[in-house]
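Asker: Below, each chain spelled out in residue letters.
There are 4 protein chains.
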Amino acid sequence: MRKLRMGMIGGGIGSFIGDVHRKASSIDGMIDLVCGAFSSNDERSKKSGKALFLPEERCYGSFQEMIEKEKQLPEGERMDFVAIVTPNHMHFEPAKMALENGFHVVCDKPMTLTVEESETLVNLVKKTGLLFALTHNYTGYPMVKQARDMIANGDLGTIRKVQVQYLQGWLATEVEKTDNKQAAWRTDPSKSGVGGALGDIGTHAENLLEFITGLSISEMAADLGRFGQGRTLDDDGNMLVRLSNGAKGTISFSQIATGEENNLAIRIYGEKGSLEWHQEEPNKLYTRWLDEPFKVFTPGGNSLYEAAASSSRIPSGHPEGYLEAFATVYRNFGKELMARLEGNTVPAQDYPRVEDGLRGVKFIHAAVESDKNNAAWTKL
Amino acid sequence: MRKLRMGMIGGGIGSFIGDVHRKASSIDGMIDLVCGAFSSNDERSKKSGKALFLPEERCYGSFQEMIEKEKQLPEGERMDFVAIVTPNHMHFEPAKMALENGFHVVCDKPMTLTVEESETLVNLVKKTGLLFALTHNYTGYPMVKQARDMIANGDLGTIRKVQVQYLQGWLATEVEKTDNKQAAWRTDPSKSGVGGALGDIGTHAENLLEFITGLSISEMAADLGRFGQGRTLDDDGNMLVRLSNGAKGTISFSQIATGEENNLAIRIYGEKGSLEWHQEEPNKLYTRWLDEPFKVFTPGGNSLYEAAASSSRIPSGHPEGYLEAFATVYRNFGKELMARLEGNTVPAQDYPRVEDGLRGVKFIHAAVESDKNNAAWTKL
Amino acid sequence: MRKLRMGMIGGGIGSFIGDVHRKASSIDGMIDLVCGAFSSNDERSKKSGKALFLPEERCYGSFQEMIEKEKQLPEGERMDFVAIVTPNHMHFEPAKMALENGFHVVCDKPMTLTVEESETLVNLVKKTGLLFALTHNYTGYPMVKQARDMIANGDLGTIRKVQVQYLQGWLATEVEKTDNKQAAWRTDPSKSGVGGALGDIGTHAENLLEFITGLSISEMAADLGRFGQGRTLDDDGNMLVRLSNGAKGTISFSQIATGEENNLAIRIYGEKGSLEWHQEEPNKLYTRWLDEPFKVFTPGGNSLYEAAASSSRIPSGHPEGYLEAFATVYRNFGKELMARLEGNTVPAQDYPRVEDGLRGVKFIHAAVESDKNNAAWTKL
Amino acid sequence: MRKLRMGMIGGGIGSFIGDVHRKASSIDGMIDLVCGAFSSNDERSKKSGKALFLPEERCYGSFQEMIEKEKQLPEGERMDFVAIVTPNHMHFEPAKMALENGFHVVCDKPMTLTVEESETLVNLVKKTGLLFALTHNYTGYPMVKQARDMIANGDLGTIRKVQVQYLQGWLATEVEKTDNKQAAWRTDPSKSGVGGALGDIGTHAENLLEFITGLSISEMAADLGRFGQGRTLDDDGNMLVRLSNGAKGTISFSQIATGEENNLAIRIYGEKGSLEWHQEEPNKLYTRWLDEPFKVFTPGGNSLYEAAASSSRIPSGHPEGYLEAFATVYRNFGKELMARLEGNTVPAQDYPRVEDGLRGVKFIHAAVESDKNNAAWTKL
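In order, the protein sequences belong to chains A, B, C and D. Going by the working numbering, the first sequence opens with residue 116, and the numbers climb by one from there. Going by the working numbering, the second sequence opens with residue 116, and the numbers climb by one from there. Going by the working numbering, the third sequence opens with residue 116, and the numbers climb by one from there. Going by the working numbering, the fourth sequence opens with residue 116, and the numbers climb by one from there.
Hint data in this document are derived by calculation from the structure and do not stem from the laboratory. A couple of the hints might just be wrong.
[Stated by the list, open to error] Far from chain B by the CB rule (all over 10 angstroms, computed), these chain A residues:
#1 W300
#2 T402
#3 L456
[Unchecked claim] DSS-like cross-link-like pairs, simulated, lysine-lysine; straight-line CA separation at most 27 angstroms:
#4 A:K387 with C:K399
#5 A:K118 with D:K450
#6 C:K118 with C:K184
#7 C:K410 with D:K399
#8 A:K399 with D:K399
#9 D:K399 with C:K363
#10 D:K363 with C:K363
#11 B:K410 with A:K363
#12 D:K387 with B:K410
#13 D:K363 with C:K292
#14 A:K296 with B:K494
#15 B:K186 with B:K363
#16 C:K450 with B:K118
#17 C:K487 with D:K487
#18 C:K477 with D:K363
[Unchecked claim] Where chain B lies over chain C, by a calculated footprint (3+ residues, C-beta under 8 angstroms):
#19 118-124
#20 183-189
Just so you know, even glycine gets a beta-carbon here, dropped at the ideal spot from N, CA and C.
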């Protein structure tokens, strides 16, 4: 077997998430970055590629050029898949074109601006049979997998109550008016879509909730805030949610929660037990029980289900973090792709897919609609 | 000066909150329990009194008897105030009668079953000029006072976002069907009123939020749950709230949050900083800032405002808990009462009052109404 | 039955530990403070007593006067026991005189300045049959009792390794040169004895270690520090210890650990499991196991042994603190004394005794000797 | 510029630390693994190499073969440096030979079995001018660099007291008697050297202490334990230490601390402030102060010194872990090496060097000597 070959769309030098994708894809030694359209400016793309030690001829000035030229390279050389790490409005076109030209896709979230675009991608994936991974990276943490499997195995009993929060403070002041690129596009509806913080982090909250519980949000009442002066997109939100099995709960997210760093946290209460997980301390899963003491699970520690046990890379007590969880999405996608390329059949691996992307985009639109109607209950 | 003399209504042997009131009122050595109507059964009342080392003649079979007989005792002997520690439906009548007969009152929460009853008490307090303390005991914690004063002093800037949760798990199973008295009356509308967990702990969440922020909830959307089989009262609830200054947030409370003990927690986000406090670790106040490191305040520690500094009883690092915070309500009430009895004028001391009780009862009724209307926004 | 009657020696207004003893003895409603020799100055003693609502005639100008006069009062009126809350050098004489005159004793630690004095008290207690409680208050915490009972029941297997630390920072600067009475006597060998921090907090570390493990320190190598300018007594210390069963470990204590409040913590490692407890978060007992997840025990929570279950006063999640643990020493002493006064036989209750006091004083002297010999191993 | 080319010695499939070195060296995209002597068995080495996607001809059966053959490759192809990830007894020879043949070295710790071997390497590095990095990986954590720089800048004032602990439990039972390779060589003096846990983790404790404080241990009294049946090497140890400036403290390490995972922690107390860091929660640096509240620093957070700020790879709140800290050693080594290869001059980068390796080996031998003399003070 050989290493997988990745082409990157977006992610020029200075990009936050492009750098994360590069590091995450390299940790497990399965994937080589072989080409990129790092910028829509050819010169800037080549400059970024050079800093990444890529040959100039494989640094392209547009994703169209990359897809076309790579397609013409010999099979033993051309990229296997694209990683799309652009702002939201630039996910759909590259993903569509990649799929139409036979390339597998890893795409950042939210998947597209509109529900229709997402449905198009879902259909394309079905039609082409190509692999599509969506980087809901928080599902890659071992303790998140443990949480999911404890619930799937009935350890907590029927789920009754949920709480998810995703709190950041980096937009507490209007940094989009300074030279902050990250803030600029995220507060710009033409690039971010109809959701601000909602799309950026609210979708992670939604995905984590549905991933861990195995339940779906059936309806929601959303009250969005726009606290930064001059912002048209939400920078804060609070929701009531009702789940498919009758459970109830709240989702709260914010990018104006002053001083918060990346405080994604979830609490799930079942009839027999409950669990709690905090992204900022990802290596602890707190659980509480009707008749037993409070128990804390750790990666590589005692009494784990298989997925948690196998998704930890190093012995217990050696903290794994954000990049490793992100890498697990790549690793699982990579395993499935390698098997495919070798003509082997493997069970579907554990990573978020195009359908999860559609779900997230529906969530954004439902929340925006609810908010417009003064937080009226809205089906999802 | 002399010690204050307290008469207790309710709180017979085996009672949870009666015992708490006795311990809390005794810590500071200012108050003696001198009489009680511990039960509506004369024999049981006397038995309870005996175990508390009280003379038989001051253990009464009803609050009416106690108020009448004590009133006839010489001034140097009769009780100064009553402490009402009965289930909810038995707050109003004793409080009213005590006030009408010249006795000051300490009363547990929620203050009454109906808004009208609460308004009656507010008016009676106004008319008689007697003191009335409501035991929203969580306001007694030094770090809660520090939180309030940091916001009042503008340290956090304009408040934008709030989160309050009060999570317990003791009603996760239907313990009211066993021999659990606490559960029995709390799930019985005739004793608890229209709110279940809502009245029992939701009111603490509301009070804490308004106490710390100095803002009031202007409207709410409440989605209540009744998860325990056969329950007619809520045992869980989630709310969206909007505050008087435009801030937004959530309140979540539950008594079916399996495994949770007494997890009352609050997060407040302002333009310049934010704070976080957890009742189960009451001696830490977490604060986050735009430009400074995360800071933690502790009772007796550095950089406290006066109320926090003076409401700690022992040096920093010697944990104070639930009883001490509860005792602070008694201590502050007691200071004001002592001054009154000595004919001195003192500034109004820092403890929750009859108006806070009215506010809580309004909150219960607004939430129930919102819930009936599928979580429609309801003014408070 | 009646309430117990306590006479206090030391503890005038402004005293730290006297106030703690008063609060702790009052929480459970079993003990009344009836008299005191709060100061060796008669006027000051009376002034303190007045603030405590005591009649002037029972506020004495010396412990000798108190013991003599109280002895002459009728049995139904005179104090039952003395609480000795003076600086170290004033423990022995009052304790001896109280015992010789038939009064039971509660005494602060370290018990005496010399080993000989301690042995005298041990013998007097044996001879008189009177009760003697030493306020090693940290043994009163429910989770400390749980720790002890887990080890006693073999849950952890044979103990191999121990770590105890007791870190404070209040003597990081030379506050004894300011108007700080607490610092003044603690850094004065004539009042504190041969140990400084060693006697004040090192003895708590020693006691906690032996209490929880059920093992004794057989030898130690102590390296004491005197960091504050001009100090002749230690304000810091580090020790290697070897226990009676072959276990090894360290004790570290300090009053110059800048910024530390009252950080007493212990870790015990056995063949099958281990435990960890922190005084500043006293309501959690952390345990780790060969084959099971990390478990945390809480007062009133699941799976407790009897002593921990019964020594908690309020439901789980309602934090109990320093005063409550201190109160448990009084409560258990009080139960035994009440039974005695009523002529009943009760099993020996769970509180530290005169023998623990002797042990602590031996520990101080052994550490000082070891330190003088450049931390040579010294038997205890 | 081009990527650096690494050859690995040891680290065949299934190895713990070899895999860590591979992941850590790949994260930043600066280093390619190009060859390896993964095993002293040629076939096993080639099998490991294949799984790592290496060409067969660059998988060697011995480090000698690798060094010789790689030396003969054209400059544009041959490895730039070796990474030595073998058990302790196999560090010296490969390191020596690599240096003698012009290859830079990254080597795991402890550097060698004997002090003489370490001195040989120190001299070779001096003579050849080649780079030598020792993977004391814990120095790579951003908060460890912050701790060092706070002390170097005098924020804490003169250091008075230190505590270091490194606690693991994986040797609590005699797993070396099962099929556990990691345990087998670590408990075997012929492979591990004179120190067991002492060499494996005690040296990390020593290095961290000296790295953060900028002070050196001048003497120590060490009491080592051998608790596992049949072990000749220590599996536990406790030490008193005295530092070059008069500070005092303890080091405690263990691999029989049942249930502990990788609990390396340090506390440093200065005249003006103190700090505390825990490897298992590496993204928090706790600090305490004479006159200010408790403050917590985080990577990417507010108020950091430059080294901490720049050694974090992702925004604050996105946890970085063990691999990232390890990667920072490689990154800094790589930066210096790249500059060297390009003929540029750069300031010495921040990573542990051959002198740190010598220090660690001296520490091991001093501790063993002290222990043999019943924990007598021994100079370091």
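Asker: If a hint holds in the structure, say so; if it doesn't, say that too.
Answerer: Right, here's what the structure says about each hint:
{"no.": "1", "hint": "W300", "verdict": "holds (22 angstroms)"}
{"no.": "2", "hint": "T402", "verdict": "violated (7 angstroms)"}
{"no.": "3", "hint": "L456", "verdict": "holds (46 angstroms)"}
{"no.": "4", "hint": "A:K387 with C:K399", "verdict": "holds (22 angstroms)"}
{"no.": "5", "hint": "A:K118 with D:K450", "verdict": "holds (26 angstroms)"}
{"no.": "6", "hint": "C:K118 with C:K184", "verdict": "holds (21 angstroms)"}
{"no.": "7", "hint": "C:K410 with D:K399", "verdict": "holds (23 angstroms)"}
{"no.": "8", "hint": "A:K399 with D:K399", "verdict": "holds (15 angstroms)"}
{"no.": "9", "hint": "D:K399 with C:K363", "verdict": "violated (30 angstroms)"}
{"no.": "10", "hint": "D:K363 with C:K363", "verdict": "holds (20 angstroms)"}
{"no.": "11", "hint": "B:K410 with A:K363", "verdict": "violated (34 angstroms)"}
{"no.": "12", "hint": "D:K387 with B:K410", "verdict": "holds (17 angstroms)"}
{"no.": "13", "hint": "D:K363 with C:K292", "verdict": "holds (24 angstroms)"}
{"no.": "14", "hint": "A:K296 with B:K494", "verdict": "violated (41 angstroms)"}
{"no.": "15", "hint": "B:K186 with B:K363", "verdict": "violated (49 angstroms)"}
{"no.": "16", "hint": "C:K450 with B:K118", "verdict": "holds (26 angstroms)"}
{"no.": "17", "hint": "C:K487 with D:K487", "verdict": "holds (22 angstroms)"}
{"no.": "18", "hint": "C:K477 with D:K363", "verdict": "holds (24 angstroms)"}
{"no.": "19", "hint": "118-124", "verdict": "violated (count 1)"}
{"no.": "20", "hint": "183-189", "verdict": "violated (count 0)"}
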